[in-house]
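The primary structure of each chain is shown beneath.
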Amino acid sequence: MDALTVHRIHFAFTITFHYLFPQLTMGLALLIVVLKTLALRTGNPHYNQAARFWAKIFAVNFAMGVVTGIPMEFQFGTNWARFSKAAGGVIGQTLAMEGVFSFFLESSFLGAFIYGEKRLSPKAHWVAAFLVFLGSWLSGFFIIATDAWMQHPTGYLLTAKGEILLTSIWGLLLNPWVFWQYLHNMIGALVTASFVMASVGAFYLLSRRHESFGRTFVRIGVIAGGISCCLMLFPTGDRQGKNIAFHQPVTLAAMEGLFHTEQGAPLTILGQPDMAQQRLDNPLTVPDALSFLTYQRWKAEVRGLADFPRELWPDNIPLLYYSYHIMVGLGTLFIAVMLVAAFQLQRGALYGSRPMLWTLMLALPFPYIATTAGWITAEVGRQPWLIYGILRTSDGTSARVAEGNALFSLIGFMGMYTLLAILFLFLVHREIDHGPEE
Amino acid sequence: METFWFCAVAVMIAAYVVLDGFDLGAGILHLFVARTAEERRAVLASIGPVWDGNEVWLLAAGGTLYFAFPALYASSFSGFYLPLMMVLWLLILRGIAIEFRNHIEGPVWAPLWDVVFSGASALLAIFFGAALGNVVRGVPLDASGYFFLPLWTDFSAGPNAGILDWYTVLIAVAAFLTLAEHGALWVALKTEGVVETRARRAAAGLWWSVAAAVILITIVSFRVQPHLGESFANRPWGYVFPLLAIAGLLLMKFSKGLRAFLGSCAFLVGMLTSVVFGVYPDVLPSIGDPSLSLTVTNAAAPRYGLEVGILWFLPGIALALGYFVFTYRSFSGKVRL
Chain Y
827 MDALTVHRIH
837 FAFTITFHYL
847 FPQLTMGLAL
857 LIVVLKTLAL
867 RTGNPHYNQA
877 ARFWAKIFAV
887 NFAMGVVTGI
897 PMEFQFGTNW
907 ARFSKAAGGV
917 IGQTLAMEGV
927 FSFFLESSFL
937 GAFIYGEKRL
947 SPKAHWVAAF
957 LVFLGSWLSG
967 FFIIATDAWM
977 QHPTGYLLTA
987 KGEILLTSIW
997 GLLLNPWVFW
1007 QYLHNMIGAL
1017 VTASFVMASV
1027 GAFYLLSRRH
1037 ESFGRTFVRI
1047 GVIAGGISCC
1057 LMLFPTGDRQ
1067 GKNIAFHQPV
1077 TLAAMEGLFH
1087 TEQGAPLTIL
1097 GQPDMAQQRL
1107 DNPLTVPDAL
1117 SFLTYQRWKA
1127 EVRGLADFPR
1137 ELWPDNIPLL
1147 YYSYHIMVGL
1157 GTLFIAVMLV
1167 AAFQLQRGAL
1177 YGSRPMLWTL
1187 MLALPFPYIA
1197 TTAGWITAEV
1207 GRQPWLIYGI
1217 LRTSDGTSAR
1227 VAEGNALFSL
1237 IGFMGMYTLL
1247 AILFLFLVHR
1257 EIDHGPEE
Chain F
185 METFWFCAVA
195 VMIAAYVVLD
205 GFDLGAGILH
215 LFVARTAEER
225 RAVLASIGPV
235 WDGNEVWLLA
245 AGGTLYFAFP
255 ALYASSFSGF
265 YLPLMMVLWL
275 LILRGIAIEF
285 RNHIEGPVWA
295 PLWDVVFSGA
305 SALLAIFFGA
315 ALGNVVRGVP
325 LDASGYFFLP
335 LWTDFSAGPN
345 AGILDWYTVL
355 IAVAAFLTLA
365 EHGALWVALK
375 TEGVVETRAR
385 RAAAGLWWSV
395 AAAVILITIV
405 SFRVQPHLGE
415 SFANRPWGYV
425 FPLLAIAGLL
435 LMKFSKGLRA
445 FLGSCAFLVG
455 MLTSVVFGVY
465 PDVLPSIGDP
475 SLSLTVTNAA
485 APRYGLEVGI
495 LWFLPGIALA
505 LGYFVFTYRS
515 FSGKVRL
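Heads up: the sequence lines are chains Y and F, in that order. Adding 826 to a residue's 1-based position in the first sequence gives its number in my numbering. Adding 184 to a residue's 1-based position in the second sequence gives its number in my numbering.
Bound-form chain F, shown alone:
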């Protein structure tokens, strides 16, 4: 039962990263692939009708995490207090930048919000990457299951780690590059002309840095968190996840258009599921004493809630998928201004 909810939350987070990932990535590249007012409108139109729905996956995943694993929600949200507050401010700025930008024409208003949008998108990608790095590395949980991390300490990934250390910064950079690539493939898919050409060129150039980053973070992750290696050694079927990521990475390189974008989706899903598989059954590893780690069992809500949750969750998610099919179908093809 706990494992079902662990998988459900993992799938929802993966959906969030794949969906909001492309509009974050489009935001990162916005200022570079689109220069004129009309080009910028085209990039924004490529995410305009969907970004809000994409972000709902974050809220839905958060809500599901909250009721299925309340101890994890309480511990991680209070422990990562400072970066989460900054994430909230960035989400606010990004949301109003997209929504308010088109209200006023002219050379001052829109360019200002374009910079806010792009900057907030880039920083969010970096913050989310650092968060993932923290979950893999572990945090200094105390006996009551809580912790509090400063933003940074000495940048070592050791027992006195802060939220930013050399390892989490590395993951943050990799996340930034990956989402930028993901966004470039989306923009190339949805736009035409010079914007499409620039996005395609950005995607091709970024691919090499993404590939290099992946090799690097794979090597260091297994050293920082030895538990990852044990998981794959004990349950070799888990190698399907990294294989999915590699297949996606190759598809990104050797195909174009929708297939390249789907390759990028597969790559993101493969990387995330590899991490989740490797960390399981922990949900938040402890840095020092492994017996203090939060796991799928000790962080889960009592049984009745988890069982009754399935009854409304499955039909609810089926409805949500229906809305998404409707939205994306009515929004298919290149954007028209």
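Isolated chain Y, as found in the complex:
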């Protein structure tokens, strides 16, 4: 392995592990606000008890998110120094804003939310829950704004000396890429939280324990999940796809496994990209569908990989293709599962439907897989650029950090995160096993 590869795996590994936790906490923060609102509205202590249970799960996930998040900010400097020197004046703005506007807010009111229920009035406790939600969603915004700038840089000027100057803070924050990517990502967090809540509820109903809570969790999980899964496809996923089609057409071609330009390009459901032969093996396709989805015309031209110079191709097309198809495939299944479950809920048949409860319970890992695959699509799709069109990934690493030193810390993180994962699963399992009853 060369140093570039190690630095890339280093970031990919630590960010993938990190984002397992915020995707739950950001979605769960909203669902906890829903529970606290129901408690205020109905005056039923059942909802407060439910909120306390999820607050415990939230706290463990939040702690994991914090301790694995600090290395992300550090790594910009430690492993990607040339990128940081070039772009720090731009993306440092959004990263510093995250610290100043979100982390202070979250850390201050999380304590009040977790420990303060007895001291605060019910309304004040609701406000604490809401501020934790607000802080976590603001945090998501600043990170997406950072990533959006790397995907589609705006509000900057490239000088003759190659320096990147920020020229408009609003250009950075209101980048056209931000809006749909932010919604797509945050609703994705809600999908994860909805599935987790429904899954734990289904587990309680199937094991005939904490059944009143099981029903609440399944109901809220299915309603929130049904809405959020549909919003993932349309409009957010659709519009995010169009962003890619217009601003990164070579990425779209690679994601779809479209090697040659076609009028009336097909949408690929299955198939394996064959890089040597430049074709898709065993294709299962829907004719003309890609043209229609991208341009709303069945015979529109979609450019294939062969139309672009090789040095602009993403450097791992099969990985990009598979992660995109896993995301879309799972997203489609989620819609089907949640809509059937919502239909049964409406008819009053859900709590007694063992096949559906089993499905919901076993669905737990899949939103995590879909979200991770989505992020791999976004980040591998950006290659070979670190900042699209401006800075290549190979020009962004720390020149003075040798391969051996980077590997040292990569191995260290792998060991550390294995330990964290074991501890996390152990503690969350205990909390779920103990259940919401006090």
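Hints are not guaranteed to be accurate.
Mimicking DSS-like on lysine-lysine, the simulated pairs with C-alpha atoms at most 27 Å apart in a straight line are [what the hints assert, rightly or not]:
| id | chain 1 | residue 1 | chain 2 | residue 2 |
| --- | --- | --- | --- | --- |
| 1 | F | Lys437 | F | Lys518 |
| 2 | Y | Lys882 | Y | Lys949 |
| 3 | Y | Lys987 | Y | Lys944 |
| 4 | Y | Lys944 | F | Lys518 |
| 5 | F | Lys440 | F | Lys518 |
| 6 | F | Lys518 | Y | Lys882 |
Partner residues are not named here, just some residues of chain F that face chain Y (Cβ under 10 Å, in silico) [unchecked claim]:
| id | residue |
| --- | --- |
| 7 | Glu239 |
| 8 | Leu243 |
| 9 | Tyr488 |
| 10 | Ala504 |
It is worth saying that the hints were derived from the structure and are not from the lab. From the three backbone atoms N, C-alpha and C, an ideal C-beta is built for every residue, glycine too.
Go by the hints and put chain F onto chain Y.
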């Protein structure tokens, strides 16, 4: 403009050291001032609701450093690669030790995390001290503004220095003692009974070693980094910073409770601002050729970003201070279990 951001980052780092400093210090002394399960819970409760917020100052200071001085962020973080990775692992271990410890009762789980918490706290104090020592001594910057330091070489503070040499180790020991003292005063302030008595006794005993360490590092720092002396000679008003540190040190010795703790805060702020004042206008001095040093001007981001940054930074920090007043007020007085 650059100087404003230099001061802003310095103030944020000082806030980090004063705030996270007391919970690091409480961690260092944890195993010694608290012996029974209940005493340990009391020490942890004295930092439980605030340690995470305190640590945010590190992230916020890092983020501000990143956008205001990107060349410094890039150079120092990649150059101090190895110790920073270890700092990250220690921060991870310390964070989960505090958060996970209370999930399970029993004679195995909690004591294990107490040792992890205490050890990680002690090592972090030492690492931060060594980092400060490196910034004062300087690093071997190359013409492109980068460097890479091994963990140690021959322990001389010369041109082939490693991250650990006799000077930085000395600063690390001083930082360890200072933060232990700071933590002892905090624990004494927030707890009662036998824990308070032990913390008070630890603070009294540590004071002499802190005072001795301060005299020693002051003398050697002026020899290792001659630029410090020039700064104070050229701008004598800068003597207010060391005077603040001396006043704080005396207040720690001759008063009790909140005033002693505030004395310790003043001491930390005075020491840090003295260093920052002495190093200015450098932000990272070069060991060999002084023209290669990173300064507030050559490491700063372009002007527009620095100007527009003030517009969101000042209200943002005012909000953050508001949250801190809220948190610390609702957490005032002795901890109740």
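| message | For Lys440 (chain F) and Lys518 (chain F), compute the direct alpha-carbon distance and say whether it is at most 27 Å. | response | 15 Å, holds
| field | Minimum beta-carbon distance criterion (10 Å), Tyr488 (chain F) to chain Y | value | 6 Å, holds
| field | Hinted pair Lys518 (chain F) and Lys882 (chain Y), Cα distance within 27 Å | value | 26 Å, holds
| Holds or violated: Lys882 (chain Y) with Lys949 (chain Y), Cα cutoff 27 Å? | 20 Å, holds
| message | Can you confirm whether the C-alpha distance between Lys987 (chain Y) and Lys944 (chain Y) stays at or below 27 Å? | response | Roughly 60 Å between the alpha carbons, so the hint for Lys987 (chain Y) and Lys944 (chain Y) is violated.
| Does the CB of Ala504 (chain F) sit less than 10 Å away from some CB of chain Y? | Result: holds, 4 Å to nearest chain Y Cβ.
| Lys944 (chain Y) and Lys518 (chain F): Cα distance at most 27 Å? | 18 Å, holds
| field | Interface hint compliance - Leu243 (chain F) to chain Y, C-beta minimum distance less than 10 Å | value | 5 Å, holds
| message | A closest beta-carbon separation below 10 Å is what the hint needs, so does Glu239 (chain F) meet it against chain Y? | response | 8 Å, holds
| query | Is Lys437 (chain F) close enough to Lys518 (chain F), meaning Cα to Cα at most 27 Å? | reply | 22 Å, holds
Checked against the numbered hints above, the structure breaks only hint 3 and satisfies the rest.
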